[in-house]
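Trainee: Numbering (the working numbering), first residue to last: 12 to 285.
Hints should not be assumed to be uniformly reliable.
Between beta-carbon pairs, the in silico distance windows are [stated by the list, open to error]:
#1 R187 with K165: 19 to 25 Å
#2 Q102 with Q129: 31 to 37 Å
#3 G183 with A258: 43 to 49 Å
With a straight-line cut-off of 27 Å between C-alpha atoms, the simulated DSSO-like cross-links for lysine-lysine are [to be verified]:
#4 K133 with K259
#5 K259 with K206
#6 K145 with K206
#7 K206 with K186
#8 K165 with K186
#9 K186 with K173
#10 K173 with K206
#11 K283 with K259
#12 K283 with K145
#13 K133 with K145
#14 K206 with K283
#15 K259 with K186
#16 K191 with K173
#17 K165 with K133
#18 K206 with K165
#19 K173 with K133
#20 K206 with K133
#21 K206 with K191
#22 K165 with K191
#23 K283 with K191
#24 K283 with K165
#25 K145 with K165
#26 K191 with K133
#27 K191 with K145
Everything labelled a hint here was simulated from the structure, so no lab data went into it. Note that beta-carbon positions come from the ideal geometry of N, C-alpha and C, so glycine has one too.
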Amino acid sequence: MYIKSLMAANHYSLCMGRASDLQEARSFGANEDPASSRDRETTNCETILMKLLRVGLPGPPSRTVLSRAGVLILALGLSGCFTAQIFPTSQERDISLRSGDLAASGIAFITPSSATGQEEEKQALAMIFAEVFKQQRPGVRVVGLPESLNAINKAALADVYKQMYHDYRDTGLFKRDILKQVGAVTGARYIAQIKLQGFEQGAKERFGAFGFRIVETTFASIRIFLQIWDSHDGTIAWEGMQEMHYAKDRITDKPVTLHSAAERTARDLIAKLP
Numbered sequence: 012m013y014i015k016s017l018m019a020a021n022h023y024s025l026c027m028g029r030a031s032d033l034q035e036a037r038s039f040g041a042n043e044d045p046a047s048s049r050d051r052e053t054t055n056c057e058t059i060l061m062k063l064l065r066v067g068l069p070g071p072p073s074r075t076v077l078s079r080a081g082v083l084i085l086a087l088g089l090s091g092c093f094t095a096q097i098f099p100t101s102q103e104r105d106i107s108l109r110s111g112d113l114a115a116s117g118i119a120f121i122t123p124s125s126a127t128g129q130e131e132e133k134q135a136l137a138m139i140f141a142e143v144f145k146q147q148r149p150g151v152r153v154v155g156l157p158e159s160l161n162a163i164n165k166a167a168l169a170d171v172y173k174q175m176y177h178d179y180r181d182t183g184l185f186k187r188d189i190l191k192q193v194g195a196v197t198g199a200r201y202i203a204q205i206k207l208q209g210f211e212q213g214a215k216e217r218f219g220a221f222g223f224r225i226v227e228t229t230f231a232s233i234r235i236f237l238q239i240w241d242s243h244d245g246t247i248a249w250e251g252m253q254e255m256h257y258a259k260d261r262i263t264d265k266p267v268t269l270h271s272a273a274e275r276t277a278r279d280l281i282a283k284l285p
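Make the full structure from the sequences, and use the hints.
Mentor: Following this line, the structure appears as structure tokens:
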């Protein structure tokens, strides 16, 4: 009977983990209210748990009833720990970018840079930002990284583009004449450059019993710097930085990915643009 109670609690926790995952999947761009979705999934999980507690058990004495109630309360208590804890810190500077400038002139993404050993994530990072930008600013013409690179290569500017980044690593500057050429071939006045300054992820056990891991805390920290350059005069029009710490209790081995952390950061930074 005790084993069945533990199995019931574990089954409920698994169900709640799936409900939490469904809530996250629906929270971005969904029409359904996340709260009502979570409530429905929670009700379903509670129904499953109550059925498990009843299956195969004879009419229990009062002590067993109390034991079952204790398991239910424990499971419900654990489910409350599965809410993500997100702590963002951001800073931005409006230099010359004004409301309506992006809609009037467009924006193109160029190759991100990285100082964290995450060099292979550059293309993915640019794709995430471009997609979020299109969703949040549908009135702005957005040129993604692949389209920018295609235009640069077709215009035989590959060597010039490479030299531009070489100079940027040393000085933090994009040369005006090269930046102007990039803006001309992409058809966008404003050029967005992303820098992944830090990313860390991991997990640690929070609750276990009898040698089994029941709940673990997955966490991630990310810091991204975004600069928007004006290709007409070679100046920085806007810049912003966000550092975010994300933690969530789970009963499944599902880490906090770079994609999910970068997507949340992109939404926050783009929302601050004029």
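Trainee: Next step is simple, just say for each hint if it's right about the structure.
Mentor: Hints versus structure:
1. Checked against the hint of 19 to 25 Å, the pair R187 and K165 passes, with Cβ atoms roughly 22 Å apart.
2. At roughly 22 Å, the beta-carbon separation of Q102 and Q129 lies outside the given 31 to 37 Å, and the hint is violated.
3. Checked against the given bound of 43 to 49 Å, the beta carbons of G183 and A258, roughly 33 Å apart, lie outside it.
4. Using a Cα cut-off of 27 Å, the hinted pair K133 and K259 holds, with the two alpha carbons roughly 26 Å apart.
5. Distance restraint check for K259 and K206: the Cα-Cα separation of roughly 26 Å lies within the 27 Å cut-off, and the hinted pair is therefore satisfied.
6. Note on K145 and K206: the hinted pairing holds, with a Cα-Cα distance of about 20 Å set against a maximum of 27 Å.
7. For the hint pairing K206 with K186, the CA-to-CA distance comes to about 18 Å; that is within 27 Å, so the pair holds.
8. A C-alpha spacing of about 20 Å is found between K165 and K186, which places the hinted pair at or below 27 Å, so the restraint holds.
9. Distance check on the hinted pair: K186 and K173 sit about 12 Å apart at the alpha-carbon level, within 27 Å; holds.
10. Under the criterion of a C-alpha separation no larger than 27 Å, the hint pairing K173 with K206 is consistent with the structure, at around 17 Å.
11. Only pairs whose Cα atoms come within 27 Å are accepted, and K283 paired with K259 is accepted, the gap being roughly 26 Å.
12. Taken as a hint, the K283 and K145 pair is honoured in the structure, with Cα atoms around 15 Å apart against an allowance of 27 Å.
13. The suggested pairing of K133 with K145 holds, with an alpha-carbon distance near 19 Å, which does not exceed 27 Å.
14. Restraint check: the Cα-Cα separation between K206 and K283 comes to about 17 Å, which is no more than 27 Å; the hinted pair holds.
15. Note on K259 and K186: the hinted pairing is violated, with a Cα-Cα distance of about 43 Å set against a maximum of 27 Å.
16. Restraint check for K191 and K173: satisfied, since their Cα atoms lie roughly 15 Å apart, inside the 27 Å limit.
17. Taken as a hint, the K165 and K133 pair is honoured in the structure, with Cα atoms around 21 Å apart against an allowance of 27 Å.
18. At most 27 Å may separate the alpha-carbon atoms for a hinted pair to count; K206 and K165 meet this at roughly 25 Å.
19. A C-alpha spacing of about 15 Å is found between K173 and K133, which places the hinted pair at or below 27 Å, so the restraint holds.
20. A hinted pair counts as satisfied when its Cα atoms are at most 27 Å apart, and K206 with K133 qualifies at roughly 9 Å.
21. Between the alpha carbons of K206 and K191 the distance comes to roughly 21 Å, so the proposed pair stays at or under 27 Å and holds.
22. Taking the CA atoms of K165 and K191, the gap is near 16 Å; set against the 27 Å cutoff, the hint holds.
23. Distance check on the hinted pair: K283 and K191 sit about 25 Å apart at the alpha-carbon level, within 27 Å; holds.
24. For a cut-off of 27 Å, the pair hint linking K283 to K165 is broken: about 34 Å separates their Cα positions.
25. Proximity of K145 to K165 is assessed by CA-CA distance (about 25 Å); at most 27 Å being required, the pair is judged to hold.
26. Taken as a hint, the K191 and K133 pair is honoured in the structure, with Cα atoms around 23 Å apart against an allowance of 27 Å.
27. With a C-alpha separation of about 23 Å, the suggested pairing of K191 with K145 holds against the 27 Å cut-off.
Hints 2, 3, 15 and 24 from the earlier list are contradicted by this structure; the remaining hints agree with it.
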